[in-house]
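Colleague: Sequence:
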Amino acid sequence: MTRRISGIFDKYYKKYDAWYDKHAFAFLSELEAIKKVLPKKGKGLEIGVGTGRFAASLGIQFGIDPSERMLAISKARGIKVKSAAGEKLPFNDSVFDYVALIITLCFVKDPLQTLNEARRVLKKKGKIIIGIIDKDSFLGRLYRKKKSLFYKEANFLGVKEITDYLKASGFGRVSYYQTIFKLPDRINSVEKPEAGYGKGAFVVIGAQKGFQK
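Mapping the sequence shown onto this note's numbering, position 20 (from 1) lands on 20, and the numbers just tick up by one.
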C-alpha cells in the first residue's frame, strides 16, 4: 500500500469501518464465501487487516496493515497486529497455516511480491485466501467509473490476473467462489455463495502452496 493510500485509510478509518454496519448483509455474504475456502483451524494471518472486521469474524489471529489508526481498532477486536506492508512481512519463514488478503491486493504496490511474501511465511501445503472485487464484474466496473473515496486509488484486478500471479508465485490447486450478485445497498438477506466466478462481484480465490498444475 502506498503512503497516499495509507493516509486515506488513516484519515477516513471510521467511515471505512461504518460501511460494514451499513451494508451488513453484503458483509455477511462475503464472510460466507470466504468460509468456503478458509481452513477451519490453524494459525492465520490477514495481510491488510484494516479495522479487523474480517479477521475478528473469521477467527484469524494475526494481522498486518500500514494504517496505525485501523490497527488500533483491529487490536481492540482481539487481533495480534503489526504495522507493515504486504511486500515485506515481519515474520519468519513457514509460520502460518494460512494467509488471507481480503480486498487488499488492489491496494498493494507489488501484487506478485506480496504473494511471494505470503508464500514465504506459509507452512508447507499452507493455504492462501484472496478476496477481491472482480474488476470485470458489474460492481468492479461501477467502482472504477465512480472513483469512490477508497477505491479511486485502487488497481482493480481480474480473476485471471490473480490466478496468473498465484501460479507465478508457486501456488496451485486453485478454487473459486463468488457472491454479491447485486448492489450492496440492495442486499437484504445473506446471499448463498456459488462456485466459480463471472456472476458475483466479490470473488474468493483459494490456493495451496507447493501444488502447481
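Don't read these hints as lab results, they were simulated from the structure.
Note that this is a predicted model, so its numbers are computed, not measured.
Possibly wrong hints are sitting among the right ones.
Ranges of calculated distance between the beta carbons of each label pair, as one might list FRET restraints [as the list claims (entries may be wrong)]:
| id | residue 1 | residue 2 | range |
| --- | --- | --- | --- |
| 1 | 83 | 138 | 13 to 23 Å |
| 2 | 195 | 59 | 37 to 47 Å |
| 3 | 146 | 124 | 36 to 46 Å |
| 4 | 92 | 32 | 12 to 22 Å |
| 5 | 91 | 41 | 14 to 24 Å |
| 6 | 39 | 116 | 17 to 27 Å |
| 7 | 25 | 146 | 14 to 24 Å |
| 8 | 57 | 141 | 42 to 52 Å |
| 9 | 210 | 68 | 33 to 43 Å |
Cross-link-like lysine-lysine pairs, in silico, DSSO-like; alpha carbons within 30 Å at most [said to hold, decoys possible]:
| id | residue 1 | residue 2 |
| --- | --- | --- |
| 10 | 123 | 167 |
| 11 | 182 | 22 |
| 12 | 125 | 75 |
| 13 | 22 | 192 |
Even glycine gets a Cβ: it sits at the ideal position worked out from N, Cα and C.
Colleague: If a hint holds in the structure, say so; if it does not, say that too.
Modeller: Do the hints match the structure? See the list:
{"no.": "1", "hint": "83 / 138: 13 to 23 Å", "verdict": "violated (35 Å)"}
{"no.": "2", "hint": "195 / 59: 37 to 47 Å", "verdict": "violated (23 Å)"}
{"no.": "3", "hint": "146 / 124: 36 to 46 Å", "verdict": "holds (43 Å)"}
{"no.": "4", "hint": "92 / 32: 12 to 22 Å", "verdict": "violated (33 Å)"}
{"no.": "5", "hint": "91 / 41: 14 to 24 Å", "verdict": "holds (19 Å)"}
{"no.": "6", "hint": "39 / 116: 17 to 27 Å", "verdict": "holds (21 Å)"}
{"no.": "7", "hint": "25 / 146: 14 to 24 Å", "verdict": "holds (21 Å)"}
{"no.": "8", "hint": "57 / 141: 42 to 52 Å", "verdict": "violated (28 Å)"}
{"no.": "9", "hint": "210 / 68: 33 to 43 Å", "verdict": "holds (35 Å)"}
{"no.": "10", "hint": "123 / 167", "verdict": "holds (17 Å)"}
{"no.": "11", "hint": "182 / 22", "verdict": "holds (16 Å)"}
{"no.": "12", "hint": "125 / 75", "verdict": "holds (29 Å)"}
{"no.": "13", "hint": "22 / 192", "verdict": "holds (20 Å)"}
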